[in-house]
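Trainee: Here is what each chain is made of, one letter per residue.
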Amino acid sequence: MSGKVLHALYTDDDLLMQAVKETRKANYHINEVFTPFPVHGLDKALGLAPTRLAITAFLYGITGLTVATLMMNFIMIEDWPQDIGGKPSFSFIQNMPAFVPIMFELTVFFAAHLMVITFYMRSKIWPFKKAENPDVRTTDDHFLVEIDAANHDVDRLTKFLYDTGASEIKLIE
Amino acid sequence: MSSHYEAPIREPLVIGDKSYHDISVEIAAPVLGKANKSWWIVFSIALVAFLWGIGCIVYTVSTGIGVWGLNKTIGWAWDITNFVWWVGIGHAGTLISAVLLLFRQKWRMAVNRSAEAMTIFAVFQAGLFPIIHMGRPWLAYWVLPIPNQFGSLWVNFNSPLLWDVFAISTYLSVSLVFWWTGLLPDFAMIRDRTTSPFQKKMYGILSFGWSGRVKDWQRFEEVSLVLAGLATPLVLSVHTIVSFDFATSVVPGWHSTIFPPYFVAGAIFSGFAMVQTLLIIMRKVSNLEDYITVLHIEYMNKVILLTGGIVSVAYITEYFIGWYSGSSYENYTYLSFGAATGPYWWAFWALITCNFIVPLTLWVKSLRRNIMWTFFVALVINIGMWFERFDIIVLDLSHGRTPSSWAMFSPTFVDIGVFIGTIGFFFVLFLLYARTFPVIAQAEVKTILKSSGEFYKRMRAENGDGHVDHVEQYPASAGPSTNVKHKKGEEDFNSLDTDVEKDDQEIRSNTEGLLDSQLKKDQVEAMLARIGTFDPAVQAQDNLQKITDVGPLMEQNLHQLGVYTYNQISNMSLQDYEVLNTIIDSFGDRARRDDWATQAANLKNN
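If you're matching them up, the sequences are chains A and B in order. Numbering-wise (the working numbering), the first sequence opens with residue 1 and increments by one. Numbering-wise (the working numbering), the second sequence opens with residue 1001 and increments by one.
Looking at chain A on its own, in the form it has when it is part of the complex:
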């Protein structure tokens, strides 16, 4: 990505939505948008692909279920079968009802933790990571749109953004 970008700050979420739509309509390229809270529909307005984290959660859940099944089959049935209260442990299927709680818990455990870890990795957030929002007000009440200005007339782009309602426009070389 070439260096020259414009940072346009908005002070309202509805205004931001409208500005984003108009900017895209005018064929300007929006690199990034920083918002203080989730603005519903903004991802669609920007044309972002839906996230696949829910699918990973499903896969991780299946992994957890498999781990629980294999673990309890090995421990309770194969390695050391016992006769507990007159209910011998020689068949996994017959003993399975007693294993359901832990199969469930491990499914949830794997799905939840691995999904959150995937989220952190994909979004590149972890302890000691430095924040990258260009303006501190974007966690308070300002909405910042970063627009690629490399191949555009900066003055015209600035005028355009000003007309979309931007309250501040900064050129970042």
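These are computed hints drawn from the structure, not numbers from a lab. A couple of the hints might just be wrong.
One-sided and incomplete, this derived list gives chain A residues near chain B with beta-carbon spacing under 10 Å [to be verified]:
#1 11
#2 34
#3 38
#4 51
#5 79
#6 89
#7 106
#8 125
#9 133
#10 136
Stretches of chain B that chain A covers, calculated by requiring three or more beta carbons in the stretch to come under 8 Å of a beta carbon on chain A [what the hints assert, rightly or not]:
#11 1011-1021
#12 1210-1218
#13 1228-1237
Heads up, the beta-carbon is just placed ideally off N, CA and C, and yes, glycines get one too.
Given the structure of chain A, go ahead and fit chain B onto it with the hints provided.
Mentor: Chain B only, in chain A's frame:
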């Protein structure tokens, strides 16, 4: 454009004339401000209780479980009562954050953060009891299925006690990541608001470098939704499994098939009571009455009514079945004629009064919306739910199948001390949390401000439902000034401009008051020459009050001298501090002590 419409009949969830910025300021205030005296008093009391509890735990572990009041008949008493009580309290948080999220209840956003914190802290306390009860807590890792030195001696996966281990550790850890993920944007807000370098560093680490990119938010919302979907069955499973500890046994009174749903309802019942107890105090102490409103309290009271109703039906069922079975062994279960009239009659009636009779008052709307009464009822329910577990455990064990082994239980000071210690520990954690964490999920509250905020609801009522806050459909055609959202109307905006001009004139005349001699005037001019002058035509003034120890008065004084921006202050040297010292009476040595120039440089670069 998303619509912010919400039926006008719904009461506002955010009271007052709030902007997004106001929400940030008010939620960051308890974190950025200093603790008041009452916080320190309560914290000290909690700390003393906590230390007392540690003493009792050390005594228990070093001497043995014999220091508790347990006997041969009653081998489980206070410890398990407290364990179940704390786990139950820990159910409200995840219910609010998960179940209410799935049901799209907006009111959860003001209370979920603290309810989740309470959950996590309560589960900590719960976890302590089984570990202490092991007698040798350093061997607690034996509950994990790990290969060991005793041949292939594995843990028993048929045992509800082991299910408990898995259920509670899953619950604790999933609640923790759910909580923390939701905290990231709010930590980021504090990181970006604070002026103290230490806080900036700490909240920078805690916020994991959250930047608020649109893709991050998309993932954030998806993760919250999926976690809610996972946590909902999880929260139901945890107390179900806790109830299995009793229900899978053959003790009369424990061996009951209605335990799982009834325990879950009871857990939510007691959890909401504890949330009420904590939030009614916190909203007052932290000035959050605009966010945690009477409406929130009423909603929680309705959940208490529902779950309390379920619990009451379960009590009646148990009582009826105990009698209807005709079994003499059921004669002294915790809900039976025998229990109501026997030696533990007081425990039986404490349960009935606290959990059944007193909560019925919440059917009356005026009582449900009465904060003092709610607080009282919540305290009573907390006590009642403790007695419920005490009754289930101690009463059922005390009169078992063999009359020769009937016995009574009386706690020793160690039993009581450990319990008080966990209450102290819980409040130590919660009080620390209330001072250092954003106690309301401000990012989420901002998303509902336009639909449920009082100001926006009033705007819609006045301007019609089709009104969308000052945003023109095609702004580019009408020029920029129509688009910039301002909370005030157009005329107010104009008058604001003239105000500024008036201020300027006033400043010039006021300067005379502060600069009473030619010498001072010269000094200030020389200072402005060094640090730079402020030109209102091309520059915007900064909020000088972000600098430590600059209050409204000091800011006004600085304005009178012509100091308006961080840039100017960041250029100040000791010489300039001296000038300020001679001119502004209340100045003292503050600038030097707090190093205004460095602070201003930081603020400027933000």
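Trainee: Run every hint past the structure and note whether it holds.
Mentor: Structure-based check of all given hints:
no.	hint	verdict
1	11	6 Å, holds
2	34	5 Å, holds
3	38	4 Å, holds
4	51	5 Å, holds
5	79	5 Å, holds
6	89	8 Å, holds
7	106	7 Å, holds
8	125	4 Å, holds
9	133	4 Å, holds
10	136	4 Å, holds
11	1011-1021	holds (count 3)
12	1210-1218	holds (count 9)
13	1228-1237	holds (count 5)
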